[in-house]
Amino acid sequence: MFYWLQKNLPKIVLGPSFVVILWFVYGFVLWTFYISLTKSKMLPRYEFWGFEQHFRLWSSPRWFNAVENLLIFTVLFVGICLLIGIILSILLDQKIRAEGFLRTVYLYPMALSFIVTGTAWKWMLNPSMGIEKLFTDWGFTDFTFDWLVNRDMSIYTIVIAAVWQSSGFVMALFLAGLRSIDDEIVKAAKIDGASLYSIYITIMLPMMRPVFMSSIVILLHISIKSYDLVIALTAGGPGISSDMPAVFMTQMAFHRSEIGLASASAVMMFLTVLAIVVPYLYSELRRQDANT
Amino acid sequence: MQTLDFQKMENIERSASRKRTFYRWLLFITLGIFALYYLAPLYVMIITSLKSMEEIRQGNLMTLPGEIIFDSWKTAWSGRDGIDAGNVFLRPFFWNSIKMVVPAVAISTFFGALNGYALTKWRFRGDNLVFLLFLFGCFIPYQAILLPMARTLGLLGISNSISGLVLVHTVYGLSFTTLFFRNYYISIPDEMIKAARIDGAGFFKIFFKVLLPISAPIIVVTVIWQFTGIWNDFLFGSSFSFGEAAPIQVALNNMVLTSTSVKEYNVDMAAAFIAGIPTLLVYVLAGKYFIRGLTAGSVKG
Chain A
41 MFYWLQKNLP KIVLGPSFVV ILWFVYGFVL WTFYISLTKS KMLPRYEFWG FEQHFRLWSS
101 PRWFNAVENL LIFTVLFVGI CLLIGIILSI LLDQKIRAEG FLRTVYLYPM ALSFIVTGTA
161 WKWMLNPSMG IEKLFTDWGF TDFTFDWLVN RDMSIYTIVI AAVWQSSGFV MALFLAGLRS
221 IDDEIVKAAK IDGASLYSIY ITIMLPMMRP VFMSSIVILL HISIKSYDLV IALTAGGPGI
281 SSDMPAVFMT QMAFHRSEIG LASASAVMMF LTVLAIVVPY LYSELRRQDA NT
Chain B
85 MQTLDFQKME NIERSASRKR TFYRWLLFIT LGIFALYYLA PLYVMIITSL KSMEEIRQGN
145 LMTLPGEIIF DSWKTAWSGR DGIDAGNVFL RPFFWNSIKM VVPAVAISTF FGALNGYALT
205 KWRFRGDNLV FLLFLFGCFI PYQAILLPMA RTLGLLGISN SISGLVLVHT VYGLSFTTLF
265 FRNYYISIPD EMIKAARIDG AGFFKIFFKV LLPISAPIIV VTVIWQFTGI WNDFLFGSSF
325 SFGEAAPIQV ALNNMVLTST SVKEYNVDMA AAFIAGIPTL LVYVLAGKYF IRGLTAGSVK
385 G
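Sequence lines, in order, name chains A and B.
Residue numbering for the first sequence follows our numbering, starting at 41 and increasing by one per position.
Residue numbering for the second sequence follows our numbering, starting at 85 and increasing by one per position.
None of these hints come from the bench; they were simulated from the model.
By construction, the Cβ of each residue, glycine as well, lies at the ideal position given by its N, Cα and C atoms.
Treat the hints loosely; a few may be bogus.
Derived DSS-like pairs: lysine-lysine, alpha-carbon spacing no greater than 27 Å straight-line [said to hold, decoys possible]:
(1) B:K103 / A:K47
(2) B:K103 / A:K230
(3) B:K372 / A:K135
(4) B:K158 / B:K289
(5) A:K230 / B:K92
(6) B:K183 / B:K158
(7) B:K92 / B:K103
(8) A:K135 / A:K265
(9) B:K289 / A:K47
(10) B:K278 / B:K289
(11) A:K51 / B:K289
(12) B:K293 / B:K278
(13) A:K51 / B:K278
(14) A:K227 / B:K347
(15) A:K230 / A:K81
(16) A:K79 / A:K265
(17) B:K103 / A:K135
(18) A:K227 / A:K135
(19) A:K173 / B:K183
(20) B:K372 / A:K47
(21) A:K51 / B:K293
A short list of chain A residues far from chain B (calculated; beta carbon distances all over 12 Å) [stated by the list, open to error]:
(22) F88
(23) G90
(24) F95
(25) P101
(26) V118
(27) G119
(28) F154
(29) W161
(30) D186
(31) G233
(32) M244
(33) K265
(34) G279
(35) I280
(36) D329
Put together the whole structure using the sequences plus the hints.
Written as structure tokens, this is what we have:
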């Protein structure tokens, strides 16, 4: 008995957490999937209704609008974050005196919540008193900047605030990557007469494929889940012009009494994340196995 | 002839060094501009919170306050004396967040440490699969669990309560904490454990006497990660609580959305800053561990 306990203690200790994860993560996802196959409105109903909710979802203009916004947001958010992050990491890699301080400054937005960020940017983007007024005061009297209340532009305000918040993070990842490259390689290239610029472009950046991979996966993940920032900055508006899938889901679930439809949209989000993360984890784990 | 050559060389050298200084300056200016870009919102937030509404209307985002007043801070924190019942202020919600964060961080960190230990130092068949199932929990979009969670909290009788939020944050924090500790413990040589086992130490004794004493760095990383994540959470807070049980981020958002007759941007900014202070403070004091958490959380596996 004692021996059995000793031998199985690790499993017994892991047990509760494991059961919790199985239930609250995998069980709940399955529950959500099943609800998306029912007629549930305000309360869950369990009679099977087939994929009707999914058809409803994909024929809803509001959902299409949310998906379209997500695509615009994702492309710009990931692209600009990568660009700024890479540039900053290379510049900081030049043995700068104030590097520690600058790094702290570039990264501090990551410590703030999206609600705080959204509140601050909402004020700065205020169409009459924010940046617009700043520029008119500086003498650009024709300057207008009303993106926050402009149906065609509101989605870009979310990009602005999100890039501000997350680009420093990409910088940190790339800087760590650059630092882990062997100095000898750079020295050898310098002796061969390569310019600093070409060393970075042709030698160092290609060596950082894993960093690119992780950065892109994390940024994609952030963008698919983006909810707080949208709520704080535009609340999806004006109208539904800056709506996103995550906002759509909570709207349907908690305000429109459409939990079947909400579940269908949640399943779509889940599948998207699955499609991104599973190949990534697979390649990461394989890389680790190869290393050990 | 020789002097001429010498001169020429000196000229080349000088122009090269001039070019170097030029690039050096360009580098610093670029980095400085970026620093201003990141700092600008914080600057705007702080100076706006210190101005009167009158001054806000007259000046612009960048103008410094003529007279520094802390009234907005007081209003944001404890409300205005004697007026309207619908007046939202942050103090009670700040404490809600503290009451939610402390137990959720402590419990999830403790179990994460135990799980990481069991997964790395007491290998069993299928342990990698178990870890993978934990790991994937870091990535799920929480929309996929919101509805069943709301029902579960209802069935347990803890919907719209701090204990409900503690449960939610603990459960979904487990994936991260387990990941952090697992990755830390896997780099600790098994010989240490074997030696302790030969000395007759059991599972828990090894954990408490051998591993925990050397776990300080990863505990700090995990606590900071969990603290930041839970303090900054809005989705769970806004889905599972309202009114008096709401955490601070929800209260902040409500405060900003509440449209009384006149919009008070100074109070909004003071409130946003108050809601951001705890995590900012942690970041400034322990930035190294914060960054380590970010990168550990990213280069997963």
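Okay, the hints, checked on the actual structure:
| no. | hint | verdict |
| --- | --- | --- |
| 1 | B:K103 / A:K47 | 69 Å, violated |
| 2 | B:K103 / A:K230 | 18 Å, holds |
| 3 | B:K372 / A:K135 | 19 Å, holds |
| 4 | B:K158 / B:K289 | 51 Å, violated |
| 5 | A:K230 / B:K92 | 25 Å, holds |
| 6 | B:K183 / B:K158 | 22 Å, holds |
| 7 | B:K92 / B:K103 | 16 Å, holds |
| 8 | A:K135 / A:K265 | 36 Å, violated |
| 9 | B:K289 / A:K47 | 15 Å, holds |
| 10 | B:K278 / B:K289 | 13 Å, holds |
| 11 | A:K51 / B:K289 | 16 Å, holds |
| 12 | B:K293 / B:K278 | 13 Å, holds |
| 13 | A:K51 / B:K278 | 19 Å, holds |
| 14 | A:K227 / B:K347 | 59 Å, violated |
| 15 | A:K230 / A:K81 | 67 Å, violated |
| 16 | A:K79 / A:K265 | 26 Å, holds |
| 17 | B:K103 / A:K135 | 17 Å, holds |
| 18 | A:K227 / A:K135 | 15 Å, holds |
| 19 | A:K173 / B:K183 | 41 Å, violated |
| 20 | B:K372 / A:K47 | 39 Å, violated |
| 21 | A:K51 / B:K293 | 20 Å, holds |
| 22 | F88 | 18 Å, holds |
| 23 | G90 | 19 Å, holds |
| 24 | F95 | 20 Å, holds |
| 25 | P101 | 20 Å, holds |
| 26 | V118 | 14 Å, holds |
| 27 | G119 | 17 Å, holds |
| 28 | F154 | 7 Å, violated |
| 29 | W161 | 7 Å, violated |
| 30 | D186 | 15 Å, holds |
| 31 | G233 | 15 Å, holds |
| 32 | M244 | 17 Å, holds |
| 33 | K265 | 5 Å, violated |
| 34 | G279 | 17 Å, holds |
| 35 | I280 | 17 Å, holds |
| 36 | D329 | 10 Å, violated |
When held up to the earlier numbered hints, the structure conflicts with 1, 4, 8, 14, 15, 19, 20, 28, 29, 33 and 36 and fits the remainder.
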